[in-house]
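Chemist: One-letter residues, chain by chain:
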Amino acid sequence: MGITFRNETFRNDFTFRNSPEHIRRFPFPFHEDSYMYAVNIEPHVVGPKGSVLENLIDVDEHYVAEMQDRALVLAEDPLRCQSLPHMTLAGWDLLELLMEQQALGYPEHFTLTRDGDRWRWINRPLGIDDSFTFGDVSTLPYGPMEYITRQSQGDFCILDQRDGNLWMDAGMVTTQADWSLDFDIGMNFFEWHAPVPLAHEKGIFVRALKFLTNIQQGKPARRLNWTMTINPRLDTSPENYHKWGPDRTTVTPENVGDKVHLRVELQSFWRLPRSNGIVFPIRCYLIKMDELVTQPKWARRLHRVIRDLPEELANYKGLTRYRATLVEWLSKLDDGSPTSPGFGPD
Amino acid sequence: MSTGTTKLDVVVSDVVPVNELVTRFHFRRRDGQLLPTFSGGAHVVVEMRDGERTRLNPYSLMGSPLDTREYTISVRRDDVGRGGSLFMHRHVRPGMEMVISYPVNLFSLDLRARKHLMLAGGIGITPFMAQTAQLAAEGGNFELHYTCRTASLGTYADVLRERYDRRVRLYHDDRDERIELDRLLSSQPLGTHLYVCGPSGMIGWVCDRAAALGWPAETVHFEHFAAPQPGAPFDVTLAVSGKTIRVGEQQSLLEAIEAAGVDPPYLCRGGVCGQCETNVIAHDGKFIHNDHWLSEQEHRSCKKIMPCVSRFEGGSLVLER
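Those protein sequences? They're chains A and B, same order as listed. With the first letter of the first sequence counted as 1, position 267 gets the number 266 in numbering that gives the first Met the number 0; the numbers rise by one all the way through. With the first letter of the second sequence counted as 1, position 59 gets the number 58 in numbering that gives the first Met the number 0; the numbers rise by one all the way through.
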């Protein structure tokens, strides 16, 4: 069996689509009809079969296309992948984690064989079969973090833990919602969260940091975050703002369903064993409004969430220019009836 | 459900007397699999079933992080302590099945350091056994200064000298050998990080001298275990469910509530997410708040408690649960 990987694009002609099964497994982030920040962190444990939580590192039908898009971004801008000199060991930790999890969850697509520090990694979807010495950077074509994150969906930030804080000292960031690794590299937790409105006043980051610095090996945690993106672009970086920023002015009542995408990040947090760092995978899921509203509960709830969103949050998430058009479009799908509890479709 | 780390089912694979006070214990996984990888400076919590009591003591892992076939710890016998080390020395034998926690590192190497300067006192040598093994494998730059009472109590001094030769310097109290601390701290290259593990007097002395000599606080590291979660047992009345429960010494209030068949909401079980916040209806005693969720003002108000991590001492406590 295995996954049928789609041949699709996240730029130019935007052929990205979700299959009907992938629409139903979309990680819809709203458990009630309104939204406000919370420390919505929970243990990252395996969830129901057929959900994005079926495996702790999710691989889906967009895998091959996303890896191709990542390669394009890196070819244009190599600074999307950076690792400060003391982070190489953490890179090996991440390589082990991602190879183990992908091989465990998708044995038909990935195989890891270990004989002491002699490792062999087979990645069938991307046609890779490499043997290397674990811990010896000269035996891989890239550094360990870059090597494995060119083969893993989602962005990855590796955080060094010291002085009671977390420091963004390495990362592969090509599918980001308007932030830049090149800008944030070397910053601590409070520095890189400085632009977020409202949450500081609520003391959320102080508590979140305390939680994250206490994450233990074998006990990863997760949370969902969301924003919206016009057209299915993975790379909405500040560096390329001139390419995607103007998209926001192109939303009309006629094209809302096709152009406006809900963008959900499944963020997970893992303690790394050798380096004692934390890795923070940020997995991006996109769904266009036409696909999302095939689930009537989600259509009703999203209408109420976007309509009632505080102004500061709408601005921060970049919704302001097209919010009224989107709310008007969604309102026609909201008959006012109650929505059932929980995230999932009815 | 329980708080803290994931547990590992292990079997004691060897017990080796090291000297008159110290014994080394080896653990392997009962299922024959490899143990989790760890980083130098990590510890595990060993659960001891001592009659009616469960003791939970943390010990540094002292093997090489590169070898996860077994974990090793060294336990110094403390004849006047709370009894954990005596239990280990008297009752733990090869073949015995035990439960230990996943490794946790609260004494991590700063991998940015150009040089690692390590100061050990007595049994405080154990985390450095793992850290030196990790650094040596990567070609790291380190220097270890180790003080012990006598040569025969210099646990692993011979092993360390053999492995690392002149990178290890020994000091014996009975020969009046002392670390020349000020000279040592004043002569380090820029980018050196300092690590100290030993008696609390030694940690205080080294940290004070380092501060006085201008070492930035971020470059000085010492082993300090997280505050213990257990505490004295106490009784609680759950007003909504109409139950009275006893919270055991090793049990959290949340666990005791769950054991009574009440199912409060929770997410993190670590005092952060706020899910299990509970209103206090009446109390006669003192709260021991260990959470990061409630504000200081809320702690002082005695109107709320986070049962996942906080405790109570006193006559009576009634909760809205």
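Worth flagging that the hints you see were computed from the coordinates, not collected in a lab. Owing to the predicted nature of the structure, the values given are computational and were not obtained by experimental measurement. Hints are not guaranteed to be accurate.
As the list claims (entries may be wrong) - Label-pair restraints from in silico Cβ distances:
| hint | chain 1 | residue 1 | chain 2 | residue 2 | range |
| --- | --- | --- | --- | --- | --- |
| 1 | B | A211 | A | E190 | 43 to 53 Å |
| 2 | B | D30 | A | R119 | 46 to 56 Å |
| 3 | B | V10 | A | A313 | 53 to 63 Å |
Claimed, not checked - For lysine to aspartate or glutamate, the following DMTMM-like pairs were computed, each having C-alpha atoms within a straight-line distance of at most 25 Å:
| hint | chain 1 | residue 1 | chain 2 | residue 2 |
| --- | --- | --- | --- | --- |
| 4 | A | K48 | A | E20 |
| 5 | B | K6 | A | E95 |
| 6 | A | K218 | B | D181 |
| 7 | B | K303 | A | E41 |
| 8 | A | K218 | B | D66 |
| 9 | A | K218 | B | E222 |
| 10 | A | K209 | B | D109 |
| 11 | B | K6 | A | E190 |
| 12 | A | K296 | A | E20 |
| 13 | B | K114 | A | D135 |
| 14 | A | K209 | A | E238 |
| 15 | A | K218 | B | E161 |
| 16 | A | K209 | B | D30 |
| 17 | B | K285 | B | E257 |
| 18 | A | K242 | A | E99 |
| 19 | A | K316 | A | E145 |
| 20 | A | K331 | A | D345 |
| 21 | B | K114 | B | E142 |
| 22 | A | K209 | B | E69 |
| 23 | A | K218 | B | D109 |
| 24 | B | K302 | B | E248 |
| 25 | B | K6 | B | E19 |
| 26 | A | K316 | A | E31 |
| 27 | B | K114 | B | E69 |
| 28 | B | K114 | B | E161 |
| 29 | B | K242 | B | E222 |
| 30 | B | K114 | A | D162 |
| 31 | A | K218 | B | D77 |
| 32 | A | K218 | B | E257 |
| 33 | A | K218 | B | E96 |
| 34 | A | K218 | B | E46 |
| 35 | A | K316 | A | D333 |
| 36 | A | K218 | A | D162 |
| 37 | A | K218 | B | E312 |
| 38 | A | K209 | B | E297 |
| 39 | A | K218 | B | E69 |
| 40 | B | K114 | B | E222 |
By construction, the Cβ of each residue, glycine as well, lies at the ideal position given by its N, Cα and C atoms.
Chemist: Does each hint fit the structure? Answer for all of them.
Modeler: Consistency of the hints with the structure:
no. : hint                        : result
1   : A211/B - E190/A: 43 to 53 Å : 30 Å, violated
2   : D30/B - R119/A: 46 to 56 Å  : 25 Å, violated
3   : V10/B - A313/A: 53 to 63 Å  : 58 Å, holds
4   : K48/A - E20/A               : 12 Å, holds
5   : K6/B - E95/A                : 21 Å, holds
6   : K218/A - D181/B             : 42 Å, violated
7   : K303/B - E41/A              : 22 Å, holds
8   : K218/A - D66/B              : 22 Å, holds
9   : K218/A - E222/B             : 23 Å, holds
10  : K209/A - D109/B             : 19 Å, holds
11  : K6/B - E190/A               : 35 Å, violated
12  : K296/A - E20/A              : 17 Å, holds
13  : K114/B - D135/A             : 22 Å, holds
14  : K209/A - E238/A             : 31 Å, violated
15  : K218/A - E161/B             : 38 Å, violated
16  : K209/A - D30/B              : 34 Å, violated
17  : K285/B - E257/B             : 23 Å, holds
18  : K242/A - E99/A              : 37 Å, violated
19  : K316/A - E145/A             : 29 Å, violated
20  : K331/A - D345/A             : 19 Å, holds
21  : K114/B - E142/B             : 8 Å, holds
22  : K209/A - E69/B              : 31 Å, violated
23  : K218/A - D109/B             : 23 Å, holds
24  : K302/B - E248/B             : 23 Å, holds
25  : K6/B - E19/B                : 31 Å, violated
26  : K316/A - E31/A              : 19 Å, holds
27  : K114/B - E69/B              : 29 Å, violated
28  : K114/B - E161/B             : 21 Å, holds
29  : K242/B - E222/B             : 42 Å, violated
30  : K114/B - D162/A             : 18 Å, holds
31  : K218/A - D77/B              : 33 Å, violated
32  : K218/A - E257/B             : 21 Å, holds
33  : K218/A - E96/B              : 23 Å, holds
34  : K218/A - E46/B              : 19 Å, holds
35  : K316/A - D333/A             : 23 Å, holds
36  : K218/A - D162/A             : 22 Å, holds
37  : K218/A - E312/B             : 31 Å, violated
38  : K209/A - E297/B             : 18 Å, holds
39  : K218/A - E69/B              : 21 Å, holds
40  : K114/B - E222/B             : 18 Å, holds
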